[in-house]
Amino acid sequence: MSKKISAVVMAIILTLTSANFSYARTLNDDELGLISQTCGSIKLQLRNIQKIDAKNRALLGSYYETISTNLMLNLNLRLVKNNMASAELSELQTNFSSERDYFKEKYTEYQRELDALVLIDCRQKPQEFYTQLEKVRTKREKVDNSVKRLKDMLIEHRTAVLNLREGL
Amino acid sequence: MGLAAIAVAVTTSGISLWIYRQNDIYLDRSRPGFISDGEKNEDIKIDKFSEEGEISKEVLDKYLEEFDYVQGKVDGLSNAFSTEALDDKNFLYDDEEETVDDSETLDYEDAS
Chain A
1 MSKKISAVVM AIILTLTSAN FSYARTLNDD ELGLISQTCG SIKLQLRNIQ KIDAKNRALL
61 GSYYETISTN LMLNLNLRLV KNNMASAELS ELQTNFSSER DYFKEKYTEY QRELDALVLI
121 DCRQKPQEFY TQLEKVRTKR EKVDNSVKRL KDMLIEHRTA VLNLREGL
Chain B
1001 MGLAAIAVAV TTSGISLWIY RQNDIYLDRS RPGFISDGEK NEDIKIDKFS EEGEISKEVL
1061 DKYLEEFDYV QGKVDGLSNA FSTEALDDKN FLYDDEEETV DDSETLDYED AS
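Note that the protein sequences, when read in sequence, are chains A and B. Heads up: the first sequence begins at 1 in my numbering, then just goes up one per residue. Heads up: the second sequence begins at 1001 in my numbering, then just goes up one per residue.
Check before you lean on any hint, since a few could be wrong.
Unchecked claim - Derived lysine to aspartate or glutamate pairs resembling DMTMM-like cross-links, with alpha carbons at most 25 Å apart:
1. B/K1062 / A/E65
2. A/K43 / B/D1088
3. A/K142 / B/D1075
4. B/K1062 / A/E91
5. A/K51 / A/D144
6. B/K1089 / A/D121
7. A/K148 / B/D1088
8. A/K43 / A/E134
9. B/K1062 / A/D152
10. A/K142 / A/E65
11. B/K1073 / A/D152
12. A/K51 / B/E1084
13. A/K151 / B/E1051
14. A/K104 / A/D152
15. A/K104 / A/D144
Because the hints were derived from the structure by calculation, they are not lab data.
Same shape as in the complex, but just chain B (with noise of 0.2 Å):
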């Protein structure tokens, strides 16, 4: 009875294992919490925009400096998922010949 008991745990685990690793896996490797201290970017520092409240122009000013604060930081990264960085160049070079720098194949690193 015990070792049925351990066999069903055993395989329910592998089960969720397994279906964890098939979708899961993919969005938790990109949640902010996953990433290092040392590679996390300062939060991003915007008043959150009242749903509350009068719109006038000033308003709209207001919220406009916060739009373009963060759509500077998408902007910084709109090549990110550029398809250089698995160009041939990088993966069918002879090494005899010049090598090329890392910094040239991957320059997207500054992006962030």
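So here's chain A without its partners, still in its complex pose (with noise of 0.2 Å):
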């Protein structure tokens, strides 16, 4: 008897952590009609946002890159060589580049989610072009959030070389 409701439990976990559970809402008959209707301009608002995607994140990316590159590491490189090697400093150069690895992986993710909804017929599947649509807008948030948390950390960088600065 037990084994049979284990069975059934992990056959119910299964289900629900399979990749074809979505949490999205059920759309009613009008907003799955508006989708229908207007798949053709939502195709190509979408294009629109792939091509403004992928120019944004080449500038971000090479931004990151010159950043983490020219200025912090060669930053913390000269310290060193002056004995003043800030441990502060080496931590958020450190933190810098996980994070950028971390946005870059979450970009990606994000891409071929964007690809996959580009792909479905929104004009003959509204929901499962919905679903979708969910799920992309999880993956941008955490491209999103990513980007914040860099842009934060260069404010930590530019605080810790204004204290650096004031120590001399």
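Could you fit the two chains together into a complex? Lean on the hints.
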């Protein structure tokens, strides 16, 4: 009996955690109709978003690279060579690099889901489209949060450098 | 023998392409080289901060000048991936009502 209960529980867990399970809300008929009717324009919007995202991703990537390699790293090396190594600045540099890697990872995941969204025929499958849209939103939010954390780290770094300067 | 070689070549090429599309393609699209000339911004023009030399207030002032320049560029894109672009209002609106202007829904375009 306990084996049967365990099997049922496992089946439920596997169903709930399967890739197809989604917490997306179910659209009403009007909303489904709207998506179907405006599918063409929606697809255009999404392709525009893809294009803009790619450009912004490249720009941010180059800025982060410049900051990390040309500025942070070299400042820390110079401090070490002057026997003024700063644990705080070193840690900030490490954290910035880690977060930058996380940003790349989350962006890749987001783009993959966005590509999948664009491939769905929203005219024929509006609910499936909306379900995937909610997944894309979640992924995009993670990218957005990472960008904001990176921005905060830059502020912290700047403050640390100012403090270093005041201590000279 | 020749046909077998062709089959092997096609198969391995197909596998390579499949692997590429799983991951690397998402990086390639965002590499600066794949952005059209019309979309490229000017290159970041800063002097590379040297790892050699003294540390002084003047040196750190110069460092902060370079840093602020790039930080300003980053700040300009701080909302680049805002979730607003994927809001319901952009996908669930009625054509018979007032049409949402594209410049309002994709206002983060200006950030670049």
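Status of the hints after comparison with the structure:
1. B/K1062 / A/E65: holds (19 Å)
2. A/K43 / B/D1088: The given pair, whose Cα atoms are some 14 Å apart, holds under the 25 Å limit.
3. A/K142 / B/D1075: The hint holds at about 18 Å.
4. B/K1062 / A/E91: holds (22 Å)
5. A/K51 / A/D144: Between A/K51 and A/D144 the Cα gap is close to 17 Å, so the pair holds against 25 Å.
6. B/K1089 / A/D121: Holds, because 20 Å separates the two Cα atoms, which is no more than 25 Å.
7. A/K148 / B/D1088: holds (23 Å)
8. A/K43 / A/E134: Within the cut-off at roughly 15 Å; holds.
9. B/K1062 / A/D152: holds (21 Å)
10. A/K142 / A/E65: Holds: A/K142 and A/E65 sit about 20 Å apart, inside 25 Å.
11. B/K1073 / A/D152: It holds: about 14 Å lies between the C-alpha atoms, which stays within 25 Å.
12. A/K51 / B/E1084: Given that 25 Å is the threshold and the Cα spacing comes to 16 Å, the pair holds.
13. A/K151 / B/E1051: holds (24 Å)
14. A/K104 / A/D152: Cα-Cα ~17 Å, so holds.
15. A/K104 / A/D144: Holds: A/K104 and A/D144 sit about 12 Å apart, inside 25 Å.
Of the numbered hints listed earlier, not one is contradicted by the structure.
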